[in-house]
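The listed protein sequences correspond, in order, to chains A and B.
Per the working numbering, the very first residue in the first sequence carries number 13; after that it's consecutive.
Per the working numbering, the very first residue in the second sequence carries number 13; after that it's consecutive.
Bear in mind the hints are in silico, worked out from the structure with no lab data behind them.
The structure displayed is predicted, hence computed values, not measured ones.
Possibly wrong hints are sitting among the right ones.
For identical chains, the list gives no copy identity; a pair is met inside one copy or between any two copies.
Simulated crosslink set (SDA-like; lysine to any residue; CA at most 25 angstroms straight-line) [stated by the list, open to error]:
id, residue 1, residue 2
1, Lys252, Asn111
2, Lys252, Ser295
3, Lys252, Gly153
4, Lys252, Glu297
5, Lys252, Ser412
6, Lys252, Arg273
7, Lys203, His351
8, Lys370, Ala41
9, Lys252, Ala277
10, Lys73, Gly153
11, Lys252, His48
12, Lys73, Asp198
13, Lys73, Thr178
14, Lys203, Gly92
15, Lys139, Arg89
16, Lys252, His283
17, Lys252, Arg311
18, Lys73, Ala337
19, Lys73, Arg349
20, Lys252, Val288
2 protein chains.
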Amino acid sequence: MPPIAPNLVAAVNEARHWQDMMAMAELGAFTDPDGHIGVNRPCLSDLDRQARRLLLGWAEKAGLSASVDRLGNLFLRHEGTDPTLAPVLTGSHMDSQPNGGRFDGIWGVIAGFEAVRALREAGVQTKRPIEVVAWTNEEGGRYAPGCMGSMAYAGFAPPETWDAITDREGIPFGQALTALLESESDLPRRKLGVVEGPAPFAYVEAHIEQGPMLEAREADIGVVTGIQGSRWFIVDIMGKSDHAGTTPLAMRKDAVQDMLRAIQALNTLMHDPADVLRFTVASIEVQPNTSNSVAGLARFTIDFRHPDNAVLQARGNAIEGVIQAALRHCTARVTERFHAVPADFGAVVPDAVEAAAKSQGLRHMRLPSGAFHDAQFLVPICPTGMIFVPCRAGVSHHPSEHATPEALAAGTRVLAQVLADLANR
Amino acid sequence: MPPIAPNLVAAVNEARHWQDMMAMAELGAFTDPDGHIGVNRPCLSDLDRQARRLLLGWAEKAGLSASVDRLGNLFLRHEGTDPTLAPVLTGSHMDSQPNGGRFDGIWGVIAGFEAVRALREAGVQTKRPIEVVAWTNEEGGRYAPGCMGSMAYAGFAPPETWDAITDREGIPFGQALTALLESESDLPRRKLGVVEGPAPFAYVEAHIEQGPMLEAREADIGVVTGIQGSRWFIVDIMGKSDHAGTTPLAMRKDAVQDMLRAIQALNTLMHDPADVLRFTVASIEVQPNTSNSVAGLARFTIDFRHPDNAVLQARGNAIEGVIQAALRHCTARVTERFHAVPADFGAVVPDAVEAAAKSQGLRHMRLPSGAFHDAQFLVPICPTGMIFVPCRAGVSHHPSEHATPEALAAGTRVLAQVLADLANR
């Protein structure tokens with residue numbers, strides 16, 4: 013890699029960067045009962061358009077050229093000395109969770125913009141173009157599923173796939189997308205990713221960690237090695253409702269008690285002394301759910317994640333048998349409703365991130381991402397990676413989500429160096 | 013006790029008794045998706061008035077005199093040879109659960125009526141009067157709590173206590189009661205129980221078991237020894253919500269997992285090899301209750317019942333300590349929201365019930381009632397007892413609630429003999 017460019021690192025302006033973050037956070041801002049300021053900015057909403065317009069204004073001032081594809085993915089381009097080369101892509105998303113925070117997603121877009129602006133201000137030329145992207149609908153809060161923009165870009169699904177999906181007010185995704193594109197008809201329309209054009213040279217996404225590891229280990233930079241795999245299940249334990257005052261325990265088919273047995277057995281199956289495996293039962297529904305009627309049905313969810321596909325498959329496939337063996341009086345139905353294999357970022361981008369963090373004297377650690385990101389859909393089409401910065405107490409998707417100006421600036425400085433590095437390869 | 017009167021037992025007319033039950037069940041009848049015919053007859057509703065009117069018509073034909081007290085408790089009197097003696101009281105309630113069955117409550121009223129009619133038809137005279145009572149609002153479905161009529165009668169609460177309680181449509185109990193009394197202004201108004209008048213000589217209530225014991229033991233008659241005590245608790249397990257994909261298990265405060273530990277520890281505390289103790293966790297609520305967010309709060313209910321007050325107190329008082337000791341990462345708040353000590357029926361009425369069942373060659377067993385009944389409020393004011401008959405699979409409070417014509421007639425024959433016995437003491 014090239015030697016560190018001190019003027020580039022110095023050109024990342026922490027105060028300006030924070031100011032931009034806070035200006036953007038006003039679009040959809042609300043204050044929760046505890047006094048935390050959150051953001052509610054659904055994709056393709058008026059607020060989303062305002063946020064994009066704000067970014068476009070900054071980009072214009074910085075001399076970047078903007079374009080949009082048919083999925084509404086927005087691109088800001090810093091030209092390379094050889095414009096024919098495949099660009100280095102960086103970015104994230106601008107939509108928020110329904111009652112989300114001020115950092116998830118939006119920081120990756122603004123970090124990309126600040127990094128490119130710093131590059132230009134520092135006079136650092138790059139061989140390859142660099143493009144900052146804002147993907148459409150990552151969160152899936154208004155239109156499920158999420159990651160529509162990156163999925164369409166990478167050819168995971170045809171671009172019309174989600175047109176008929178409606179939000180809570182009955183507005184189809186296709187209609188909301190058309191309205192957005194009409195409002196941005198001043199922008200050049202570009203080809204849709206690898207479906208209609210060439211692949212990027214590499215993709216780097218900056219994001220808050222959304223977990224507690226960096227804070228706990230006092231690391232500044234997370235060198236993300238991939239995105240762990242996930243398998244989600246719904247389990248129905250079917251018993252029989254009876255009068256709680258009259259039915260002897262030996263005669264019951266108590267769905268709550270057999271649910272307990274099932275979860276205990278799963279705790280044993282999922283035990284991991286290294287604490288890498290994530291096993292969570294977080295949603296429970298009971299019927300009839302009245303205190304004096306024995307539960308006839310207990311439904312619970314399983315969220316199981318692991319970065320190693322062998323573990324994900326072996327233990328995930330054992331879930332149903334373990335549950336069935338644990339039941340004493342009831343029957344169970346186990347339904348898998350989501351299955352994503354781990355995404356491995358390989359060496360190219362993670363090594364570049366690690367080298368940049370190291371050269372800047374920042375504390376860093378390698379870790380897989382526990383949450384989903386647009387990055388996972390880029391993995392098959394180009395070298396991909398992510399840069400994490402710590403967020404307070406690991407909290408995200410909540411108004412109390414927080415990252416310090418220092419933490420964000422450190423991540424953006426690493427991103428600037430990684431972009432300069434990759435765009436000169 | 014007097015020798016069995018064969019003509020009295022023969023005078024209980026099984027076909028007519030069933031016909032009356034089915035005629036009454038038409039008032040509020042509905043058919044559920046499984047084809048079961050249930051009853052929805054709220055207290056003080058038009059349907060309730062129609063049901064009372066139907067009963068009053070039958071009573072008039074049978075030569076009984078009717079009266080009503082200020083709580084709407086309805087009485088049908090069979091005169092004794094000495095009208096100055098305290099009457100033997102029998103009955104139950106005519107209101108149903110919101111989606112209830114055709115037997116709970118109403119059978120005790122119609123059984124009392126059929127027993128008295130059989131007495132009269134058989135020419136059996138009694139020294140004491142016998143009164144059949146229909147208590148107002150036992151179920152508590154429209155106006156909570158239940159057992160208002162029997163509570164007011166027995167002096168547990170002043171009769172105005174519930175006047176301001178409203179139903180879901182905002183109609184106060186006092187207003188609905190006044191409307192009922194106006195519609196029955198043709199009936200003589202009587203004094204309200206022991207509050208305004210003398211105590212009855214004894215009280216006998218016939219009821220379906222609402223549990224599976226009689227059916228399981230192939231018994232015709234349950235000789236009810238009392239009503240077990242109950243203690244109800246709500247337990248809040250307070251943890252911390254976190255991202256299920258990113259938060260290591262060792263760093264979590266998972267309310268679901270600590271709820272499991274608490275319930276397991278309670279299972280141990282509540283273990284009863286004799287299977288007399290009733291311990292039920294039947295209602296669970298989790299927050300935020302999304303599959304990929306570790307539970308920050310888990311709330312569950314405890315329904316704990318036992319006929320022995322020493323057990324009820326000792327184990328009930330141990331609940332909070334056992335929960336606190338079981339928690340690993342969370343804190344708990346335990347709130348007791350209901351506490352009813354056991355009601356013991358003593359010897360007088362249970363012995364009379366047992367003697368009658370025996371003399372009629374019926375299979376019988378002694379058992380406590382697992383459910384609440386108006387009878388428990390009569391215990392302090394006079395010798396009290398109940399007669400149970402088996403109901404299919406122990407189910408009640410559901411359209412599939414069922415008792416056979418034979419089972420009901422057997423119970424009513426025992427009731428007739430018990431009334432004749434007690435009213436001649």
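A quick look at each hint next to the structure:
no.	hint	verdict
1	Lys252 / Asn111	between (38 angstroms within a copy, 17 angstroms between copies)
2	Lys252 / Ser295	both (21 angstroms within a copy, 14 angstroms between copies)
3	Lys252 / Gly153	between (36 angstroms within a copy, 23 angstroms between copies)
4	Lys252 / Glu297	both (15 angstroms within a copy, 19 angstroms between copies)
5	Lys252 / Ser412	between (42 angstroms within a copy, 13 angstroms between copies)
6	Lys252 / Arg273	both (16 angstroms within a copy, 24 angstroms between copies)
7	Lys203 / His351	neither (30 angstroms within a copy, 71 angstroms between copies)
8	Lys370 / Ala41	neither (36 angstroms within a copy, 77 angstroms between copies)
9	Lys252 / Ala277	both (22 angstroms within a copy, 23 angstroms between copies)
10	Lys73 / Gly153	neither (32 angstroms within a copy, 68 angstroms between copies)
11	Lys252 / His48	between (45 angstroms within a copy, 17 angstroms between copies)
12	Lys73 / Asp198	within (16 angstroms within a copy, 90 angstroms between copies)
13	Lys73 / Thr178	neither (36 angstroms within a copy, 65 angstroms between copies)
14	Lys203 / Gly92	within (19 angstroms within a copy, 99 angstroms between copies)
15	Lys139 / Arg89	within (13 angstroms within a copy, 105 angstroms between copies)
16	Lys252 / His283	between (31 angstroms within a copy, 21 angstroms between copies)
17	Lys252 / Arg311	both (14 angstroms within a copy, 22 angstroms between copies)
18	Lys73 / Ala337	neither (65 angstroms within a copy, 63 angstroms between copies)
19	Lys73 / Arg349	neither (46 angstroms within a copy, 65 angstroms between copies)
20	Lys252 / Val288	between (38 angstroms within a copy, 20 angstroms between copies)
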